[in-house]
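K.L.:
As you go down the protein sequences, you meet chains A and B in turn.
Residues 87 to 282 (this note's numbering) make up the first sequence, in order.
Residues 87 to 282 (this note's numbering) make up the second sequence, in order.
If you are wondering where the hints come from, they were derived from the structure by calculation, not from laboratory data.
The hints are all genuine.
In this list, chains with the same sequence are indistinguishable; a pair is considered to hold if it fits within one copy or across any two.
DSSO-like, lysine-lysine: derived pairs with alpha carbons at most 30 Å apart:
| hint | residue 1 | residue 2 |
| --- | --- | --- |
| 1 | Lys110 | Lys157 |
| 2 | Lys142 | Lys174 |
| 3 | Lys140 | Lys174 |
| 4 | Lys174 | Lys250 |
| 5 | Lys96 | Lys157 |
| 6 | Lys96 | Lys110 |
| 7 | Lys174 | Lys245 |
| 8 | Lys186 | Lys157 |
| 9 | Lys174 | Lys157 |
| 10 | Lys140 | Lys186 |
| 11 | Lys142 | Lys110 |
| 12 | Lys186 | Lys96 |
| 13 | Lys186 | Lys110 |
| 14 | Lys140 | Lys157 |
| 15 | Lys157 | Lys250 |
| 16 | Lys142 | Lys96 |
| 17 | Lys245 | Lys157 |
| 18 | Lys110 | Lys174 |
| 19 | Lys186 | Lys250 |
Computed from a predicted structure; not experimentally measured.
Protein chains: 2
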Amino acid sequence: MLNYIEPIAKLINQFARLPGVGQKTAQRYALRVVDMSEEEVRAFANALVEAKTKVKVCSVCGNLTDTDPCKICQTRDHSVICVVQEAKDVMAIERLGEYKGVYHVLGGVLNPLQGVNRDDLRFAELFQRLTGDVAEIIVATDTSAEGEATATYIARMVKNYGIKVTRLAQGISIGSELQYADEITLSRAFTNRREM
Amino acid sequence: MLNYIEPIAKLINQFARLPGVGQKTAQRYALRVVDMSEEEVRAFANALVEAKTKVKVCSVCGNLTDTDPCKICQTRDHSVICVVQEAKDVMAIERLGEYKGVYHVLGGVLNPLQGVNRDDLRFAELFQRLTGDVAEIIVATDTSAEGEATATYIARMVKNYGIKVTRLAQGISIGSELQYADEITLSRAFTNRREM
Chain A
87 MLNYIEPIAK LINQFARLPG VGQKTAQRYA LRVVDMSEEE VRAFANALVE AKTKVKVCSV
147 CGNLTDTDPC KICQTRDHSV ICVVQEAKDV MAIERLGEYK GVYHVLGGVL NPLQGVNRDD
207 LRFAELFQRL TGDVAEIIVA TDTSAEGEAT ATYIARMVKN YGIKVTRLAQ GISIGSELQY
267 ADEITLSRAF TNRREM
Chain B
87 MLNYIEPIAK LINQFARLPG VGQKTAQRYA LRVVDMSEEE VRAFANALVE AKTKVKVCSV
147 CGNLTDTDPC KICQTRDHSV ICVVQEAKDV MAIERLGEYK GVYHVLGGVL NPLQGVNRDD
207 LRFAELFQRL TGDVAEIIVA TDTSAEGEAT ATYIARMVKN YGIKVTRLAQ GISIGSELQY
267 ADEITLSRAF TNRREM
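Excised from the complex, chain A in its bound form (with noise of 0.2 Å):
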C-alpha cells in the first residue's frame, strides 16, 4: 500500500490538530487546499502567520487584541466589567451587539482536579480593576460546577470592595419546550421565577 504523498500526508497531519477534525475531514480540507491557486494558499499561509504574530492579549482585559490596549478597552464604558472565561465568550457577547461595557477575561475556571487554581487565572488582574469607577461586575462564567464555583468566588471578593456583583439569567432557553429542560435547568427556572 502506497500512502499519501508526504507534502499532502504533512498537511493533513496539520489540519488533523484543529479541533474536531479527524482524518477524513482534515483529507477533505488538505483536498481542497491543493485545489486552490497558489495566490490563495498563499494567502491562507499568511492569515495564519498573522493571526500568530499580530494578535495579543490586552493587558487591561486579557482579550484578543492587535492594539493594546484592545479597542473595546479603548472605547467603551468601564463602569461595567462582564467578566468571562474564554475570548470567545467575549465574541459571543459581541455578536449580540447590545452590551456597551468592557471585559475581564479569566483564562479558564477554577478547576483543583485539572490543577487550575486561583494563581492561574486572571483574579489579581480583575481586582486592580475595581476602583471607584466601577459600578457592577457581571458574572458570565459558564453554568458547569467550576464556572459555578468560579463565580462565587468573583462575587465573595468583589463584595469586598462594596460593588454590585450580577450573574447573567439561568432558566429555560428561548424557544426550547419545557419537557426538554434538564432537571437542573427547570430546578433553576423554578427557583429563578419573576412575577408577570
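Given chain A, put chain B in place with the hints provided.
P.N.:
Leaving out everything else, chain B in the frame of chain A:
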C-alpha cells in the same frame, strides 16, 4: 458592536473556505491557531504552501504526486488500470492496501447539464494507455447516474480495443440492515444476486 479584530477575521474567512466549514467552526479553528506556538503555526503555514507547490498531477495517470510519473505508476502492475473520478478515490482504494494495479484519474464524470463533456475529462489519455500490455480495465466511478453513464461510455470504448472491462460490485453495504437499503440498491442487489 465591535467585530473580530482584523487578523482573526481574516483567518476565519480563510478557514470558512474549506468544505463544510461555517463561521462558528472557522472561529474555533482560528482560536486554536492563536493558542499554538509561533513555531507550530509557521509549520502549518509551510505545509499549506508546500502541498500546493510540490503536489503535481501525474502525467500518466492523473493522480496527485510529488514525482512524475507518480510512485504508483513507477512501481506497480500496469496490466490492470482502475479508472476513478478523483484523486480522493485513489486514496480510498489505497487505504485498503489490496489493489496492486495502477490508476487512471478522470477528473470527474460526464455531466452535460453542468457542462462537463468528453473533452473535459481525461478520456483521451486513458485510451492512449490501452496498449497490448493491458489485460483489464476496472471502472470504479461513483454509482450516481453520471458515474454510471461515464462507466457505460468507458466500457463501450475499451471493448473496441478487445480489453476486458469490469465494474465494482454494487449491492447492500456490508453490515447494514436490508430494511434501510434504498430501492435502487435493493433492486440491483436482486439483479446481481449470486449462487451460494
